[in-house]
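S.K.: Protein chains in written order, with my numbering: chain A, 612 to 768; chain B, 481 to 984; chain C, 52 to 384.
Among the hints, erroneous ones may be present.
[What the hints assert, rightly or not] Listed below are the simulated DSS-like cross-link pairs for lysine-lysine, each with C-alpha atoms no more than 25 Å apart in a straight line:
(1) B/K905 to A/K618
(2) B/K619 to C/K342
(3) B/K905 to B/K856
(4) C/K267 to C/K107
(5) B/K725 to B/K764
(6) C/K107 to C/K337
Note that these hints are calculated values from the structure, not bench results.
Chain by chain, the residues run as shown.
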Amino acid sequence: MQNTLEKRLVGELAFVCLLLALAAGIAVEAWGIAGFSGISSPGAFPLGISAILLLAGGRILFDTLRRPDSGAGNWLAAARQFCAQHFPRRILVFTVLAVAYLASIQWASFYISTFVFLLLSILYLRSGRPLAALLTSALLVGLIYLLFTLAFSVYLP
Amino acid sequence: MSETISYLLMAWSDPNLLLLTALGTFAGIYIGAIPGLSVTMAVSILVSFTFSWEVNSALALIVGIYIGGVYGGSRSAILLNIPGAPSSVATAFDGYPLAKLGEAGRAIGLSTVMSVIGGLAGTLVLASAAPVIGDMALKFAPRDYFLIAALGLLLVGSLAEGSLAKGVFAAALGTVIGLVGMDPVTAQGRFTLGQVELMGGIHYVVVMIGLFGVAEAFYQLHSLDVPAVRQQVTKIIPSVAMVLKFLPLSLRTAVIGVLVGALPGVGGDIAALMAYDHAKRTVKKPSRPFGQGAYEGLVAPETANSAAVGGAYVPMLTLGIPGDAVTAVIIGALVIHGLNPGPMLMVESPHIFWFTVGNLALANIFLLVFGLMGIKLFAKLVELPKAMLIPLILVLCVVGTYSINSSMTEVYWMLGFGLFGYFLKVFGFQMGPVILGVILGPMMDNSWRQAMASVGDNPVELLGELLSNPVSLILTVGITLILLGKTPVSGWLKKKCKCTPVTH
Amino acid sequence: MLKKLLVGLTLAASAAGFSLAAHAAYPERSIQAVIPWGAGGATDNVMRSLTPYVEKELGGKVILNNRPGGTAVIGTSYVLGQQPNGYTLLLGAENPQLYPVLGLAKFDYSALYPINLIGQNVAVIAVHADSPWNSMADLMAAAKANPGSLRMGGAGAGALPSTVHAMISAVDQLDVREVTFGGDGPGITALMGQHIDFMPLSLAAAKELIRTGKLKALAVVSTEEIPELPGVEPISKTLPAIADYLPWGPFWGVWVHKDTPDDVKQKLTAAYAKAVATPEFQAFLKNYGAKSLNLSGDEASQFLNRWQSVTTWSMYKAKAIDIAPDSVGIAKP
């Protein structure tokens with residue numbers, strides 16, 4: 612899939628750098644477990660894994676740098692282009708809806724927030740047709756209730 | 481002998497048991513297909529529920545759910561790219577691409593037939609060689625489990641499309657995720673960032689649901705307006721020729737499934753991944769390239785994970801040791817019913833063994849019937865408008881994650897993994913290696929430390945054991961060969977071979 | 052504004068719910084019972100077989116909820132964080148009594164109210180069938196002849212094997228390599244495969260294998276022979292000084308939040324006492340190799356305190372823990 616001559620994707624370099632930073636953070640945490648105290652200590656295996664992470668991350672960075680620039684211009688333009696490509700408004704709105712849904716589960720109950728979430732997201736994604744959205748969400752919530760609460764008495768928040 | 485046969489046919493002849501097995505299998509398929517309803521959970525609920533029943537009735541229902549559930553996980557893996565159960569992770573690799581090509585119906589049909597073949601093969605091995613395999617499973621020392629985990633991690637090489645470095649990185653990251661939580665030896669927190677909620681670790685199903693389900697849901701938002709691929713629902717049941725074509729692969733992976741399933745603590749998830757790897761190594765001309773909808777990539781894991789069920793019963797029925805999480809709960813059920821699961825179970829209550837064997841075979845027959853029923857309806861599910869399907873997938877992911885440990889924190893993690901997975905997807909990382917790391921990493925860490933503690937932290941002694949013990953030696957040689965196959969040495973060998981004419 | 056209104060409504064609703072709950076007969080809805088261990092384990096088995104009898108006594112539904120992880124820290128902290136209304140129970144084992152000295156958590160069972168201590172198990176020292184040793188004395192002699200080379204199966208800090216090992220080390224010398232497994236089950240598998248030399252196990256886990264000769268019991272961790280294992284010597288025969296710490300064994304019990312209303316506590320205590328006493332459950336416990344306790348109230352608290360004191364001080368003496376028990380308020384036995 613990935614040809615070495617292929618152009619770098621917008622934001623790829625930044626992402627790879629972030630991954631390397633993550634690997635470095637993991638290495639620091641791994642060191643903090645037990646240091647180099649023994650070959651079967653709790654920190655031994657994590658340290659080995661962090662070394663692999665850093666090596667593989669370095670290799671990925673090397674591969675990425677070798678490829679021609681994405682040609683997005685300065686970083687602001689690149690960020691804008693990245694958002695347009697991978698985070699169009701639809702995905703942003705859905706992400707916000709999903710986070711709000713999770714947050715609301717704890718203080719409203721599970722079923723109410725699920726119903727509202729389904730209703731809003733179907734309304735938004737299909738841009739309209741409120742009656743169909745209402746019916747679908749009610750049907751889906753009913754099905755979940757039947758399956759999880761009645762049939763299997765799964766505890767839901 | 482006549483007694484054995486009467487036990488064997490008990491479930492086939494009693495209408496009550498027949499009905500319960502059918503009911504269990506049917507319910508199991510749907511429990512398995514819905515991420516978040518797991519077989520382990522369903523069986524443990526049934527243990528309380530069937531408390532006052534006769535033990536045979538309870539077992540019939542449980543066997544049905546087990547067989548149905550392991551198979552059912554493949555449905556959501558094929559249709560939605562969400563493995564319904566960990567043992568279906570490998571099924572998604574080629575099953576979902578098939579659904580994208582409009583062949584969801586055929587993929588489900590093929591996976592059903594192959595599951596039944598695997599399940600029957602597993603049952604046959606259980607019936608004919610249980611004590612031998614049970615004793616063999618005991619021969620595996622901690623160092624051998626370490627080697628098995630290493631062998632599994634070598635799969636990264638075949639899963640990582642394109643960049644090996646990206647695959648290795650993803651697998652190592654998965655391993656770290658798997659290690660989060662309290663260290664089982666010293667009870668010290670690792671990678672917990674001081675959070676109490678993280679002391680219990682991040683369940684691998686949480687990672688799986690996030691990376692596969694949620695990431696895919698986000699990805700699908702791009703193609704919201706593209707009409708769904710029309711699913712062909714005409715040739716669902718695979719032809720005899722097709723089944724015969726895949727039969728050799730299917731039988732080989734069934735053997736992998738039974739053997740891996742019989743090892744205590746290693747279950748269908750690892751068996752399926754190893755079978756997938758086996759298919760990728762041995763099948764030279766797949767129907768399509770692996771990862772893009774190869775039938776072989778579907779046949780191998782589906783046979784193996786069903787065969788692993790028979791395997792998991794081996795140590796349970798012969799020694800009273802669970803082969804996986806589900807058989808652990810079944811042992812509990814037997815205890816609650818006043819039986820003594822252990823080495824004498826086969827002598828003192830022989831009917832349990834033969835009844836289970838007969839029942840497993842019966843459940844597989846029902847699986848063939850129920851599995852092939854209603855495929856058209858299921859395949860059409862993918863044709864639902866994405867605007868409805870995507871929110872529903874997210875809700876199912878939430879319910880599925882919450883029901884594992886009733887933890888809201890894990891639901892947040894799941895969403896986090898979903899977003900992270902979306903980024904990984906965008907930049908050409910594969911999800912498979914991450915899951916591989918999450919499943920195998922902790923096993924590797926544990927068995928490494930067990931192996932080192934057994935030799936008093938002396939690597940030379942460990943090396944000696946690796947080379948002197950037959951089981952360890954076979955595994956070591958296998959790993960060395962695979963590793964050599966990935967290095968320039970093999971390229972050099974191949975070149976040499978090309979120079980000398982070889983007759984094909 | 053809208054948020055304020057909503058908060059107000061929620062508060063009013065919950066207040067109404069509360070006052071109703073106080074008047075209506077408990078339980079008026081299903082009770083959530085948290086098992087801080089995974090499905091299929093010993094605690095899970097005991098609780099799943101007890102719960103149907105409890106439901107009958109209470110006249111309500113008890114939904115079992117496994118919240119495993121972190122030597123039961125996760126499930127136990129969850130119960131501590133819930134409303135003290137008697138609708139969240141903890142069905143746990145002995146581990147929280149060791150949290151303060153292991154540094155796992157700040158609390159122990161004194162943060163909860165004991166409804167019932169159901170039963171207690173006894174530990175046995177087991178070896179594989181082909182082992183050259185036939186008594187505890189043989190094992191001690193072998194360990195002294197080759198210090199630091201015998202392999203003992205363990206199950207992590209605070210679990211039964213390390214506690215028994217600590218008790219033995221507190222009165223004698225037993226220098227071994229501890230190989231840690233994920234619990235009794237994997238440890239037994241390794242023991243049968245002869246990958247480790249011995250392992251202290253709970254009788255519930257080892258009973259069937261000892262009876263069928265797959266494992267050999269060298270000693271029971273008690274001061275006298277037990278009827279389930281005739282002919283197996285008590286550990287005090289070889290190590291008389293260990294008697295100070297006995298009887299000892301892992302146990303199972305039911306707890307609720309400390310601030311639960313008294314009438315609810317009483318109702319639960321009565322229901323559990325009756326359920327544990329049913330002949331069917333007693334038969335289950337016996338078959339499982341466990342001893343029935345059925346303790347509640349002050350008796351239960353005394354039992355918990357003694358257990359904690361005996362266990363932690365022996366561990367401290369054997370240098371298995373660094374935190375002095377009296378520094379976290381645990382008196383000497």
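S.K.: Now, for every hint given, state plainly whether the structure supports it.
M.R.: Results for each hint:
| no. | hint | result |
| --- | --- | --- |
| 1 | B/K905 to A/K618 | holds (17 Å) |
| 2 | B/K619 to C/K342 | violated (34 Å) |
| 3 | B/K905 to B/K856 | violated (30 Å) |
| 4 | C/K267 to C/K107 | violated (41 Å) |
| 5 | B/K725 to B/K764 | holds (14 Å) |
| 6 | C/K107 to C/K337 | holds (22 Å) |
In the structure shown, a violation is registered for the earlier hints numbered 2, 3, 4, in ascending order.
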